[in-house]
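Trainee: So the chains spell out like this:
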Amino acid sequence: MSEPILSVRDLSVTFDVRPQNAWPWTPSLKLQAVSGLSIDLQPGETLGLVGESGSGKSTLARAIIGTVPVSGGDILYKGQSLMAMGRQERRKHRRDVQMVFQDPLASLNPRMTVGDIIAEPLVTHEPDTPRKDVKSRVGELMERVGLLPNLINRYPHEFSGGQCQRIGIARALILKPKLMICDEPVSALDVSVQAQVVNLLTELQKDMGLSMIFIAHDLSVVKHISDRIVVMYLGRPMEIGPSKAVCRAPTHPYTQALIASVPIPDPKAERARVRPILEGDLPSPLAPPSGCVFRTRCPKVQAVCAGDRPVMDTSGPDQMAACPFHD
Amino acid sequence: MITQTDVKMLEETAHLAQVRGRSLWEDARVRFFRNKAAVAGLFVLIAICAFALFGGLFAKFEPDYVDFSLMGANAYQGVPSLSSGHYFGTDIDGRDLFARTVQGTSISLLVGIVGSLVAVVVGTLYGATAGYVGGRTDGIMMRIVDILMSIPFMFVLILMLVIFGRSILMLFIGIGLISWLNMARIARGQTLTIKNKEFVEAAIATGVSPFTIILRHIIPNLLGIVIVYATLLVPEMIIFESFISYLGLGVQEPNTSLGALINAGASQMTNGTLWMLFYPLGFFLITLFAFFFVGDGLRDALDPKDR
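Residue numbers (the working numbering), protein chains in the order written: chain A, 152 to 478; chain B, 96 to 402.
If you're looking for bench data, these hints aren't it; they were derived computationally from the structure.
There could be a bad hint or two in this list.
Unchecked claim - Sample of chain A residues lacking proximity to chain B, with all beta carbon distances greater than 12 Å (derived):
| no. | residue |
| --- | --- |
| 1 | L227 |
| 2 | A323 |
| 3 | L355 |
| 4 | V425 |
| 5 | E430 |
Unchecked claim - If you want a taste of the chain A side facing chain B, the calculated C-beta under 7 Å gives, among others:
| no. | residue |
| --- | --- |
| 6 | R238 |
| 7 | R242 |
| 8 | D254 |
| 9 | A257 |
| 10 | P261 |
| 11 | T264 |
| 12 | T275 |
| 13 | N304 |
| 14 | Y306 |
Claimed, not checked - Derived DEER-like restraints, expressed as beta-carbon distance ranges:
| no. | chain 1 | residue 1 | chain 2 | residue 2 | range |
| --- | --- | --- | --- | --- | --- |
| 15 | B | I239 | A | P170 | 23 to 33 Å |
| 16 | B | R115 | A | P281 | 17 to 27 Å |
| 17 | A | S179 | B | I246 | 28 to 38 Å |
| 18 | A | I415 | B | D101 | 45 to 55 Å |
| 19 | B | G234 | A | V425 | 50 to 60 Å |
| 20 | A | R288 | B | D122 | 25 to 35 Å |
| 21 | B | D101 | A | D284 | 29 to 39 Å |
| 22 | A | P414 | B | R115 | 41 to 51 Å |
| 23 | A | P414 | B | Q99 | 34 to 44 Å |
| 24 | B | T100 | A | D284 | 32 to 42 Å |
| 25 | A | R460 | B | I246 | 38 to 48 Å |
Nothing here was measured: the structure is a model prediction, and the numbers come from that model.
C-beta: ideal position from N, C-alpha, C; glycine also.
Model the full structure from these sequences, guided by the hints.
Mentor: If you want it as structure tokens, here you go:
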């Protein structure tokens, strides 16, 4: 295995939350959005990140692109710590790591033309590029992501959701990044359009040799696109493993429940299936349960689960689960 | 054979090759011009500006020319008439009221426009910076605004005019000092909502500098509201200046403003020379109404959700 392009070491991100109607001197509550997460990403690999809402997927993505402060652990990009980076290196990192956002329309400035939006990273990092070159590169890229280049002077509100997402992808790709982070890029789209966008992403990734982190709460999409999957729950990794293995033979009780909740598009099979249904809701990240955070809803819960935090344990070939009672 | 429809289609596709998007600004313009009251207001406003700029060319007298022959005979000889050349009559000192109204309108408009320009430039940049930077900087910057707002400005302005002498420059400075405060608050509030949008995050992630983000992403998106507020601020400033001039502290002789003219006319109300009051008052009201209609039209056009 070569050197990972990105490695996250025991990362935690904590937000301060002001209690309501509090005095100025009362300490803020700590919200643990991500805690104790370690992953490696190889060049050219696609890592899927799944988990329900509030599990810290988006926060992890934002920590990697550097828009939320990291409160513990480290993120290494090509062996260099993000925290220790100077201005120049930081700029390089910003250039190499690009992001595609969840809400296609909200991620585009409504007052700018599509051409200006796509060109923005280029103009920011290579301000000396002649206008003609900028325009031709934007045109090429628009064609590449399946948009007609003569729409260059249009405004975002004149496009459909799928087209807006293509614009967002074009913007992320114009600097030829090494790593692309897709934060639920298809969850706001129609199923048919989802497929188009996912296929576009896989194709682009193959052509450009991108590494990709793909976030979604839809397992079927993630399974289709990723090489490896990380399952997150309440900011902590539950299971990491090759995508096929995790989907076919999940070892962590949470992953098992998650896989079982994926609907089968066949009413008979769907009705015949017995599946463990998770009781209760996601606990508050302000006061996570002690020990294993999943123990409040876990079907296999035992007394020891409340004690120490479970460590990642090998549960199959290349597969790890944070549960001592994994299958 | 090329038929008529083919030609038409070809023309259409040729047009498609250089298709231009319709920006939100263009949409707003279309909506604005569909609003009849606003368009009427705009035309009246243009007419008033033309009156203020070129009305002097039609006046038969200079605004400060005193017709001594009319002294004491105002009520029957200074009556508005086309034949005497005093279209709007004369004022108490025998000066041509038409020329004086032209001058007063232009000074009132100038005060209003300067006041709201200061508000737009200073207020928007200040508010957007405070809102975007946030945290302690935001707190300090906005507390400064609060403190400035809590000072009774009419009092300070009157003091300034008394101490530094009554001049138009002083009046501009005084009006410039207060006009941007509300604008800064509005701009900050808008910035707070805009800066959490994903396109701003995208810009940050790409590495665009904060100043560029404010200029390229924040300000164009709050400009709609700023323009509306600025249009409504112009009449407010005109009223403000008129009040100061009405108190006798604003524009000084031989210059004049609508407020000063109304003041002079009101003091002669009982002498049977009502034209001295009604001509400047009419222009004052028409200007204000026109601005309000245009402002309303702009608000409807730029913010279609709030209708």
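Trainee: Determine for every hint whether it applies to the structure shown.
Mentor: Right, here's what the structure says about each hint:
no.	hint	verdict
1	L227	holds, 18 Å
2	A323	violated, 9 Å
3	L355	holds, 18 Å
4	V425	holds, 41 Å
5	E430	holds, 34 Å
6	R238	violated, 10 Å
7	R242	holds, 6 Å
8	D254	holds, 6 Å
9	A257	holds, 5 Å
10	P261	holds, 6 Å
11	T264	holds, 6 Å
12	T275	holds, 5 Å
13	N304	holds, 5 Å
14	Y306	holds, 5 Å
15	B:I239 to A:P170: 23 to 33 Å	holds, 28 Å
16	B:R115 to A:P281: 17 to 27 Å	holds, 22 Å
17	A:S179 to B:I246: 28 to 38 Å	holds, 35 Å
18	A:I415 to B:D101: 45 to 55 Å	holds, 52 Å
19	B:G234 to A:V425: 50 to 60 Å	holds, 58 Å
20	A:R288 to B:D122: 25 to 35 Å	holds, 29 Å
21	B:D101 to A:D284: 29 to 39 Å	holds, 37 Å
22	A:P414 to B:R115: 41 to 51 Å	holds, 45 Å
23	A:P414 to B:Q99: 34 to 44 Å	violated, 55 Å
24	B:T100 to A:D284: 32 to 42 Å	holds, 40 Å
25	A:R460 to B:I246: 38 to 48 Å	violated, 58 Å
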